[in-house]
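Chemist: We have chain A; now place chain B onto it with these hints.
First to last, the sequence lines map onto chains A and B. Under this note's numbering, the letters of the first sequence match residues 1 to 248, in that order. Under this note's numbering, the letters of the second sequence match residues 249 to 443, in that order.
Don't read these hints as lab results, they were simulated from the structure. The structure presented is a predicted model; accordingly, all values stated were derived computationally and were not measured. One should not assume that every hint holds.
With the Cβ distance kept under 10 angstroms, some of the chain B side facing chain A (calculated, not the full set) [stated by the list, open to error]:
{"#": "1", "residue": "K313"}
{"#": "2", "residue": "V316"}
{"#": "3", "residue": "S335"}
{"#": "4", "residue": "C367"}
{"#": "5", "residue": "H368"}
{"#": "6", "residue": "V370"}
{"#": "7", "residue": "P371"}
{"#": "8", "residue": "K372"}
{"#": "9", "residue": "R376"}
{"#": "10", "residue": "V380"}
{"#": "11", "residue": "A381"}
{"#": "12", "residue": "L382"}
We put the beta carbon where it would ideally sit given N, CA and C, even for glycine.
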Amino acid sequence: MNRRAFIKLLGLGLAGFTLRPASELVGAPQAGHGGEKKWAMLVDLNACVKKGECTDCISACHRIHNVPNFNDTNHEIKWIWTAPFSDVFPEQQHLHVNERLSQRPVLVLCNHCESPPCVPVCPTKATFQRSDGLVMMDFHRCIGCRYCMAACPYGSRSFNWQDPRPALAKINEAFPTRTKGVVEKCSFCDERLAKGLIPACVEACKEKGLFFGDLNNPDSRIRRILAKRFVIRRKPELGTNPKVYYLV
Amino acid sequence: MYNRRLILPLILVSLVLVTLPFWYQALTGQVGAAPKLELPAGKDRCIESTPYMRSHHVDLLNTWKETVVRQGERVYMAGDGKEYTMSLTNTCIECHKDKAKFCDRCHNYVQVSPTCWSCHNVPKEETRGTTVALRATSDEHKERESRIGNRESVFLCFPVTRYSFRVSRFPFRDCTFRFTFRDCTSRSAFRDWRL
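If we strip away everything but chain A, and leave its shape as in the complex, we get:
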């Protein structure tokens, strides 16, 4: 063939590279139709009772997940805890915050962000994001560098400075403990989700103040609440897209 014919064929061949992206665009599943779930949680701040009186969710989580209780805040490990309003929502803080909100504790846990900053910094990919939106911990791979703790803007992660077993009054045999030197955090109860159960904190809340559901399912309870009510999230300006919503 002559040179012109060759150049024409080359142009056609290069055009072939556009075929795959185009097919992906045309056939891309819409949110909700792909069958992939996106788990999220909703905390109703009006339902959470006055401070100190109720720690059902925290107790339930820490009991079934073998989270130790040291009497030392330097070593404390917490998967879910309460914090003052001014600390949880610093960008909403002003001198005259509604007393109903500012005097009550706010339940705080790992937000399982859609763009989690802890995941790309992990040197071993011990923390990784699952396709259903959960930010998971692989304790086998964690080397304890705590880079994820530095990256998390919410302080959701805790490090095991010592062996947790001596501080466990009662071990839940069905769930492993952790060992010294790994970072742990709330896992949205992935072992319960695998059995079709809701997370322990949601089930344990007597005031029905916690909701859990699939954001990709437009009929789920959490989507219906989000359609009707105004919610806030922690530090939205950071772009992490947290998936724990707070009803104020």
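Modeler: Relative to chain A, chain B alone:
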């Protein structure tokens, strides 16, 4: 060779000594203290055949580890078609109840110490099969309070930048100032710290 009369017999003796394990066992039939494992009663087969488990149980457990944690798949299809949950504590140890009578016997013999047990539980006989409820019983509440007091009702209004005083060699430094990690979650605490 110099000293041939001494060296050659001694070489023969050392050869005999070096090959002692082989010809001694061949002659007397004594094999030595091989580990004896106590198998679980009532079960004739593990999830796979015994020779396979002997050679591949480490591979199997590693595969399970990756599959459960990283892919979220918890059901294992064995070679004979049966399905099992991929869990060291809830599947393997359910049958091989006492790790000291099974796992540790071979592991101690070959001086292998796998690190599984620092996290994965081996239920004790008295607590086997019990589940931990989501809500604590009143007995557990009382036991906990007697241990640590009513700590949960103490509620810090703002993150604490902790001051501790210690007697120091340096006369001008009579207090130390510790900024805990939890304080990083709030800007107000950062302001306190800087002051």
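Chemist: So, for every hint listed, does it hold in this structure?
Modeler: Hints, one by one, checked against the model:
1. Using the Cβ-Cβ criterion of 10 angstroms, the hint placing B/K313 at the interface with chain A is satisfied: the shortest such distance is roughly 6 angstroms.
2. Because the beta carbon of B/V316 sits about 9 angstroms from the nearest beta carbon in chain A, less than 10 angstroms, this interface hint is met.
3. Interface restraint check: B/S335 against chain A, minimum CB-CB distance 8 angstroms, threshold 10 angstroms, status holds.
4. Checking B/C367 against chain A by beta carbon gives a least distance of about 4 angstroms; that is within 10 angstroms, so the hint holds.
5. A distance limit of 10 angstroms between C-beta atoms decides the matter here; for B/H368 the minimum to chain A is near 5 angstroms, and the interface restraint holds.
6. A cut of 10 angstroms between beta carbons decides the hint on B/V370: the least distance to chain A is about 8 angstroms, and the hint holds.
7. Given the 10 angstroms rule on beta carbons, the hint for B/P371 holds: about 4 angstroms separates it from the nearest Cβ of chain A.
8. Interface hint status for B/K372: upheld, as the beta-carbon distance to the closest one in chain A is roughly 8 angstroms, under 10 angstroms.
9. For B/R376, the interface hint holds, since its Cβ comes within 10 angstroms of a Cβ in chain A; the closest pair sits about 7 angstroms apart.
10. Contact between B/V380 and chain A, as hinted, is supported at the beta carbon level, the nearest pair being about 4 angstroms apart and thus within 10 angstroms.
11. Look at B/A381: its Cβ gets to within about 8 angstroms of chain A, closer than 10 angstroms, so that hint holds up.
12. For B/L382, the interface hint holds, the least distance from its beta-carbon to any beta-carbon of chain A being 4 angstroms, beneath 10 angstroms.
This entry satisfies every hint, going by the numbered hints stated previously.
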